[in-house]
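Undergrad: Residues per chain, in single letters:
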Amino acid sequence: MITRERAAASRGRTRPRRARTSTTGATPDGVSPGVLRRTWRQSRARVVQQREYGAGFRWLELELPAGFVAPIAGQFVQLLLEFPSPVLLPRPMSVASMRRVRGKLRVGFLYAAVGAGTRALAGLPPGAGVSVTGPLGRGYPLHETGTPVLIAGGRGVAPLLMAAESLARSRRRCEFVFGARTAGLLVGLAEARAQLARARGRLHLATDDGSRGFHGDVVALLTKLAPKLEPPLVIHACGPHRMLAAVARWAIANGARAHLAMESVMACGTGVCRGCPLPRSSEARARVLAEGGHPTESGPAAALKGNPEWAMCCTDGPVFEARDLDWERVE
Amino acid sequence: MSHVTTRRAPVAPEKVDLSVRIGSLVLRNPILTASGTFGYGDEYAHVVDLSTIGGVVTKTVTVKPRAGNAPQRVAETVGGMLNSIGLENVGLERFRDEKLPRLRALAATVIASIGGETPEELETLLRALGREAGVGAFEVNFSCPNVAAGGARYWADPERLERTLAQLKPLTDKPLIAKLSPDVTDIRDTARACERGGADALTAVNTFVAMAIDLDGMRSRLGKATGGLSGPAIKPLALARCWEAAGVVRIPVLGSGGISSGRDALEFIAAGAAAVQVGTATFVEPEASTRVLAEMRTWLAANGIARVGDLVGAFRAEPAQGERATAPARNGERA
Chain A
85 MITRERAAAS RGRTRPRRAR TSTTGATPDG VSPGVLRRTW RQSRARVVQQ
135 REYGAGFRWL ELELPAGFVA PIAGQFVQLL LEFPSPVLLP RPMSVASMRR
185 VRGKLRVGFL YAAVGAGTRA LAGLPPGAGV SVTGPLGRGY PLHETGTPVL
235 IAGGRGVAPL LMAAESLARS RRRCEFVFGA RTAGLLVGLA EARAQLARAR
285 GRLHLATDDG SRGFHGDVVA LLTKLAPKLE PPLVIHACGP HRMLAAVARW
335 AIANGARAHL AMESVMACGT GVCRGCPLPR SSEARARVLA EGGHPTESGP
385 AAALKGNPEW AMCCTDGPVF EARDLDWERV E
Chain B
264 MSHVTTRRAP VAPEKVDLSV RIGSLVLRNP ILTASGTFGY GDEYAHVVDL
314 STIGGVVTKT VTVKPRAGNA PQRVAETVGG MLNSIGLENV GLERFRDEKL
364 PRLRALAATV IASIGGETPE ELETLLRALG REAGVGAFEV NFSCPNVAAG
414 GARYWADPER LERTLAQLKP LTDKPLIAKL SPDVTDIRDT ARACERGGAD
464 ALTAVNTFVA MAIDLDGMRS RLGKATGGLS GPAIKPLALA RCWEAAGVVR
514 IPVLGSGGIS SGRDALEFIA AGAAAVQVGT ATFVEPEAST RVLAEMRTWL
564 AANGIARVGD LVGAFRAEPA QGERATAPAR NGERA
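Chains as they are written, first to last, in the working numbering: chain A, 85 to 415; chain B, 264 to 598.
Zero decoy hints are in this set.
Estimated spans, in silico, between C-beta atoms of each pair: (1) Leu373/A to Asp420/B: 34 to 42 Å; (2) Asp449/B to Arg333/A: 53 to 61 Å; (3) Met474/B to Gly199/A: 16 to 24 Å; (4) Gly187/A to Thr489/B: 48 to 56 Å; (5) Asp449/B to Arg203/A: 37 to 45 Å; (6) Ala206/A to Thr340/B: 20 to 28 Å; (7) Leu369/B to Gly213/A: 28 to 36 Å; (8) Thr229/A to Arg394/B: 48 to 56 Å; (9) Pro209/A to Ser287/B: 51 to 59 Å; (10) Arg203/A to Arg416/B: 35 to 43 Å; (11) Arg416/B to Ala206/A: 38 to 46 Å.
Subject to a maximum C-alpha distance of 20 Å in a straight line, what follows is the list of computed SDA-like cross-link-like pairs (lysine to any residue): (12) Lys308/A to Leu287/A; (13) Lys327/B to Glu375/A; (14) Lys327/B to Glu393/A; (15) Lys487/B to Glu393/A; (16) Lys327/B to Pro392/A; (17) Lys487/B to Val414/A; (18) Lys327/B to Leu373/A; (19) Lys487/B to Glu415/A; (20) Lys327/B to Ala374/A; (21) Lys487/B to Val349/A; (22) Lys487/B to Arg413/A; (23) Lys327/B to Arg369/A; (24) Lys487/B to Pro363/A; (25) Lys327/B to Ala370/A.
Worth flagging that the hints you see were computed from the coordinates, not collected in a lab. Positions of the beta carbon are idealized from the N, C-alpha and C atoms, including for glycine.
One chain only, chain A, in its complex shape (with noise of 0.2 Å):
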């Protein structure tokens, strides 16, 4: 565990090397394309909030220092608590909001005290530092045309409600489709409203159980609405995987686009270790042949990187397009 308080230490030291040589790339904090860049690296961040946000989640405020570049909605950071930690490995945490204060990004993130990782984050007071690393992975892409369809599952509005907010920097409004199994789940509502209240956004629930909004999953919902918005419609979602499936389902069928926001277990985070695999769609897979496997740095093609059989959610995603996974096999 000295090596953890040594890491934390030497981290410390070169931060200022990292800071003057981090200037290059930075993204607009508006809508971007969200294209994969190298422009990640480790930081020490600092607490600067934690509370709890209802439904057995809690909301985590970090200050990042100058140089980090500013997340898009979509991209993650990889969480290390500093010496003494019970885990040994960074915890992909899911960007969910992102202010600058006094001339610091601060960005949010809503997450679950469930393991010994989380539960030890969860008792970090304002002030401790933790280590980020990121931005990584690939965010929605808000610069797509058409009528931005925005659904969350639990836990998933995070992202989303930054999504609402970017795309409201840009003057386009957005539907944004808020279900969860029942009314209590339905995490940080009256934050969700207000915030979409500021964006623009127009808020529609569904609980599966019919205790709030519409009585059904956010499929039914979806089906229900999308013949009175203008299509072409533009999906960007984030939740449970089985939703996502849906969601990715019902795109195909009803030709509209779909961003869907993927989960995996992951070490590092940057396409190294080719630990956090996500099954690949027939279509993907013969495009990916197609191209010789050859990568591609920007575009759309990014996702088809190298690897027929398997995508790397963290760097051909975490966002994928709905014809690019073969949802039967998505765990």
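Keeping the supplied structure of chain A fixed, place chain B upon it in accordance with the hints.
TA: Quick look at chain B alone, frame taken from chain A:
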């Protein structure tokens, strides 16, 4: 070990000679990145100055591309991580055409890791890559625990190792490094066999075969029943295997297994390793290799050790009962 730590005046850190010779290859220092933990170098090039570390060992390449194993491929256990990647890689053709040119552009000493299910596959790889510019040495992965054929179990046979290395040796002028599995009855047997076969160096060790069970689902926490364990949890185990291997060969040994600090690296060197590899620590901290190097340099300087080579094999076991506790001589000084 106090004989090397207390009697000398400190030296300036920048004066410490860290260079290491591996066969015909001279490394600027003993810190390398372990295969499979650093991609092809360029993934980390924006955060790690590759010209400062001793070298980069690339992800194992096989003749044909490999898609790798089904999920789950990684699982954390106490102090370590299990992996079952299954040697996912782009294959020989794309490695040569796409990865090698990029590797040449990096300011790094590159050691290419090659893997095969048969001796013939390894021959094919070395015929294609053995004379390519931009590769300083080859590490032959004789120890992947996660493939159905040609993995650690297949290559645990000393005679097969010796015969294969003898076949491979003429195919390249560059040093051949044999990466060994710890999962053998006695690593001294496989170490000696590799030396007899003509290996220029050994890497000790690859991951340990290990498993974790999800009791709720009564299934493996990996897609396969077992995987390879790495990280701090294996450091004491790996250190012992490294010490045993280094004690019976003249060729240099590259220590590997759970190294995440300068002191960890120096323990392997004291046990007989000429150089070390940093692996899983990079997943925790992308700049781990450069930090390990800086910590190593600081310790050597503070303890007045002007050449890292002077520490190689400095540890000597007390005379003890039992056959396995015999003290190895300093690496490189005797057979």
